[in-house]
Amino acid sequence: MNNTTSGSGLPPRHISFDILRYNPQDPATAPRMQTYRIEDADSMTLFIALNEIREHQDPTLQFDFVCRAGICGSCAMMVNGRPQLACRTLTRNLPDVTTLAPLPFFELIGDLSVNTGKWMRGMSERLQTWVHTLEPAPDLRKIEARMNPDLAEQIYELDRCVECGCCVAACGTAQMRQDFVGAVGFGQIARFRLDPRDVRNDEDYYALIGDDTGVFGCMSLLACHDVCPKSLPLQTQIAFLRRKMAVA
Amino acid sequence: MLREVFIVQSGLAEIGKRSRWPARLDVVQSLSGLALALFMWGHMFFVASILLGADVMWAITKLFEGYFFLGQSYPRLVSGVVAVVIALFVVHALLALRKFPINYRQYTTVRAHAQAMKHGDTTLWLWQAHTGFMLFFLASAHLYQMLVWPQNIGPYASSDRIWSDGLWPFYLVMLLTVELHGGIGLYRLALKWGWPPLSRHSLHWLKWLLTAFFLILGLATLGAYMKIGFEHRQHYGERYTPTWGTEGEER
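Protein sequences, first through last, are from chains A and B.
Here the first sequence is numbered in this note's numbering, starting from 164 and rising by one per residue.
Here the second sequence is numbered in this note's numbering, starting from 507 and rising by one per residue.
This is chain A alone, in the form it adopts within the complex (with noise of 0.2 Å):
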């Protein structure tokens, strides 16, 4: 690895990493926290960082990653206590020592690795956060009705959501009451809630999000919309779906 870290002819920084490992397949293994040291380089990512890890120090590391770059949403993890995507994190941004953990909230399957996608699932299935039309079936061969361009945007930029899990990780509420449905369940109803296809209306998203589960529950301390990686604009998207369901 290049060791350059600033081209300043000064030693190369190295990071400790203090990760958490756990196997819950594995009754025999208890929690521990295992370091692992590195040699920091330019340009450097966690998501980089751990795969070095495992390629050169420890091949039994679990972590997820896809796309790296910030797309899929799958490498999110606690870095020192905060949620965040492992590839969109410099190492160069962080101390000496860095603390690695799971994102809580979401079923372990080791180490770094959790299984949001059987939460989002479970969200999406309860929000039904899909086009509700009318006809039983849309006919594939027509042509889709025009939209108006600034309402797809509006649409588009709800739907940047890649559902990581940061903003469910970060949220107090969700800590506390596991049947929280999330920014990420917000942000998707306030997407669907655009959408001239469906056909749903303010009283059948009610049905979906209007108890202390759903918006009423939210606290606003707004964590989520600081972590989101695609900085969604989660706070004034809760607060009008608030303002929305408490007169639906």
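Note that these hints are calculated values from the structure, not bench results.
Please read all numbers here as calculations on a predicted model, not as lab measurements.
Glycine included, each C-beta is placed from N, C-alpha and C at the ideal position.
Incorrect hints may appear among the rest.
[As the list claims (entries may be wrong)] Here's a subset of chain B near chain A, in silico, CB distances under 10 Å, partners left out: (1) R524; (2) V533; (3) Q612; (4) A622; (5) K624; (6) L630; (7) L695; (8) W714; (9) L716; (10) T717; (11) F719; (12) L721; (13) I722; (14) L723.
[As the list claims (entries may be wrong)] As a list, the in silico EDC-like pairs of lysine to aspartate or glutamate whose alpha-carbon atoms are at most 16 Å apart: (15) K281(A) <-> E298(A); (16) K281(A) <-> E320(A); (17) K733(B) <-> D671(B); (18) K407(A) <-> E366(A); (19) K605(B) <-> D389(A); (20) K393(A) <-> D322(A); (21) K624(B) <-> D389(A); (22) K393(A) <-> E320(A); (23) K605(B) <-> E366(A).
Given chain A, put chain B in place with the hints provided.
Positioned in the frame of chain A, the structure of chain B alone reads:
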């Protein structure tokens, strides 16, 4: 297709019609909090009138007792206002309890979460929860006192209560608690409903400016009552007579 058929086919019928109560309770929690916070600030201005002089505070006390428009003082009018505040307080406390951790495990989880996250608004919420819990006791004691002995409000009566009755530590703790709780609560209320439409950064600054202003005003006010109470300790129980003098209306 009829909407009823759609509702069945889409699975919405299985969810059923949700009760309107969660929405109502959320609105009532917000409105009761807003009313209490605004009352708290108004109350602070009234008690701070002592900084403008004992005569001003005396006049404001008399105003609330109806002296200037009923011809004589009726302290029970103050009790009436206190009763309304108690009702608001109980409703707000009951509804806010829904957001509290319901057991020790939840409490330690959310506390550890806040410590690990080092996230300002999450930490502020913990402060709000803790101060809210303290207010169950502090505000109850104060409200009961004002409900039962409304006649003991006035430049000397209040000062004697604060100094000679030794209640200044109680008021000092309550001042810090209520200002923090109310300030954070109003800030969160604005974020929760998205109004006023200011940026979070601006709301944050506004919140701390207001909290600092009312804390300074409150500390100065408490200091003024303590000073008057100290100077008046030899005449404990004596009521204030305004400098222009009125017969039979001393407090």
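Cross-check of the supplied hints:
no., hint, verdict
1, R524, "5 Å, holds"
2, V533, "6 Å, holds"
3, Q612, "5 Å, holds"
4, A622, "3 Å, holds"
5, K624, "7 Å, holds"
6, L630, "8 Å, holds"
7, L695, "8 Å, holds"
8, W714, "17 Å, violated"
9, L716, "18 Å, violated"
10, T717, "18 Å, violated"
11, F719, "23 Å, violated"
12, L721, "23 Å, violated"
13, I722, "27 Å, violated"
14, L723, "27 Å, violated"
15, K281(A) <-> E298(A), "29 Å, violated"
16, K281(A) <-> E320(A), "24 Å, violated"
17, K733(B) <-> D671(B), "14 Å, holds"
18, K407(A) <-> E366(A), "10 Å, holds"
19, K605(B) <-> D389(A), "21 Å, violated"
20, K393(A) <-> D322(A), "10 Å, holds"
21, K624(B) <-> D389(A), "12 Å, holds"
22, K393(A) <-> E320(A), "10 Å, holds"
23, K605(B) <-> E366(A), "25 Å, violated"
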